[in-house]
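Number of protein chains: 2
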Amino acid sequence: MKQSYNVAVVGATGAVGNEMITVLEGRNFPVKELRLLASANSAGKKLEYQRKDIVVQELTEKSFEGIEIALFSAGGDRSKQFAPAAVKAGAVVIDNSSAFRMDKDVPLVVPEVNAHAIARHKGIIANPNCSTIQMVVALDPLHRKAKIKRIVVSTYQSVAGAGQKGIDELANQIKALFSFQTAEKKMFPHQIAFNCIPQIDVFEPDGYTKEELKMVNETRKIMEDQSILVSPTAVRVPIFMSHSESVNVEFENDLSPEDAREILRNSPGVIVQDDPGKSVYPLAMNAAGEDAVFVGRIRRDNSVKHGLNLWIVSDNIRKGAALNAVQIAERLIGHS
Amino acid sequence: MKQSYNVAVVGATGAVGNEMITVLEGRNFPVKELRLLASANSAGKKLEYQRKDIVVQELTEKSFEGIEIALFSAGGDRSKQFAPAAVKAGAVVIDNSSAFRMDKDVPLVVPEVNAHAIARHKGIIANPNCSTIQMVVALDPLHRKAKIKRIVVSTYQSVAGAGQKGIDELANQIKALFSFQTAEKKMFPHQIAFNCIPQIDVFEPDGYTKEELKMVNETRKIMEDQSILVSPTAVRVPIFMSHSESVNVEFENDLSPEDAREILRNSPGVIVQDDPGKSVYPLAMNAAGEDAVFVGRIRRDNSVKHGLNLWIVSDNIRKGAALNAVQIAERLIGHS
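First to last, the sequence lines map onto chains A and W. If you read the first sequence in my numbering, its first letter stands for residue 127, the second for the next number, and so on. If you read the second sequence in my numbering, its first letter stands for residue 127, the second for the next number, and so on.
Keep in mind that the hints were calculated from the coordinates and are not lab data. Treat each hint with caution, since some may be false.
Remember, identical chains collapse to one label, so a pair may be satisfied in a single copy or spanning two.
Here are the simulated SDA-like cross-link-like pairs (lysine to any residue), alpha carbons at most 25 Å apart as the crow flies [what the hints assert, rightly or not]:
hint	residue 1	residue 2
1	K230	T335
2	K431	F329
3	K271	G333
4	K431	T335
5	K291	K311
6	K248	E194
7	K230	P331
8	K275	L355
9	K431	I354
10	K275	G333
11	K404	F329
12	K275	N428
13	K230	E194
14	K128	K248
15	K206	K230
16	K404	G201
17	K271	E384
18	K336	V430
19	K312	K404
20	K404	T335
The following block holds chain A by itself, in its conformation from the complex (with noise of 0.2 Å):
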């Protein structure tokens, strides 16, 4: 094992890659250099790391000399257009959108669940949709008891899954309703201020958008089981940071709620809050910043033989995003 490593950020400026700084400098993760790449708009800023000022560079296809991990930050295209340049140039690249996800060489790896699967990796390492981060950690040890036949999942997500412009927008739309003004709207399809908007990401076909297709598609890969059925609603809510879920499982074998507490209570990346006559149970607000997956209303389903009501609770771009791909390093490098 080598004592440190060269890194670079790509998309650093961005809500997720700049929390990817704050993850890396958090854990000590051996950096040897730390080179931070964005679009030409963002050169030239400057971010903090370990108490230094480290000026952003233009994302380019000579952007990764020297470099041994690339997080990937910046969206799909950009991850299409020069996470190859980063292979070829010797880097590991451990992408954070959804372009090679479900490509059958590409590993898709939350630690917790299949880090056994890093080793396959041909030089790109994918890192999952952030709901079925949160949802896999929690829903996996419950798995390997007692067998998921199937999923019913509706999401409560933050407008921080849309990065820095979607806090932005539920910002400046409360300011303006508040001040008996006009809401505008960019980043997200109608007004997220006190709104429910059951749409996130585009449509497909069948009606289900692609962030609920994610939910099937991954969930399946990550825990390596294809008979597991996933009927998942995605829904943006008017909060800043956090993703909750209420998740309704249907297993194969008996699993009772106090089981479930005990498994999830050893299992790794897992908090459970389960004392609701104490109203204590997961909530977005007291995630935001955390590593853990909450777990919480942990209850029986009376309306089918084997089922579990479950109330899923995380902070979306730690371990929904960044910390999830500084794990994936790590474990890479054999650091933990």
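Using the hints provided, position chain W relative to the given structure of chain A.
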């Protein structure tokens, strides 16, 4: 049929009571005298009806002399205490609280679904829970066609469900947070601004809230089918008006999305908004102040034999409470 009626609104100064007055006026309900009743605190206030001020009177057991229809929306305790006095005075009580809903002698009515049950009343008719009303208006027509076996529903409920104080709390919390002050909470178990709270009402020993169990029990009673299974998760979200619901339905028989849309287009009280490619689907923001139950995102759920997913939105104060109560009164007097 009489020409006009003496009507009392109990809880006239609350969010629902106020809307009842608006709906009575807007629908030209044949009112002879409108008597507005509330707690001693609110007595003396004036509310407008047909451009005249009506002075709110203190609710006592003697308030109902001459009253023929009493619309109650002052909480379960007040209903239990004062509804018998109203009935004794000769009024028919239409009660918006949960006090009598599951009483076998009390019809629980959504006029589009089971108006016929009104005739069985013995002085009291119950108005169902808001989340349940909008769900059964949309699902009953589909049930009649393809028979519902099981419903998995997750709600996105506005703060208006907690009355004017709930609305004020969200507004005040946002104002405080945007001024870098602490958000105070009184009405909700946690901060609701920029948060999702998976608790509405108190918890029962099985881990479900009373709000959730209402959706189980009231649905069966209104749809008059004890075989319907309901698995609910009720969640408060930071929006002012309207409840949204992500509803997964398993049917006994096949029902295509096209047939479901066609049935719903011809169903009373329903408006289909379902052109996702153009980002047309029901939105809480647009439903506010409207009478209809809006249904969209109707799509096949391929994770089960005969499944559909739907997104159902309605104004919880209007169809979910005040309008439904007045519609019951209209049926009672044979006015509609």
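To test your reading of the hints: which numbers does this structure violate? none
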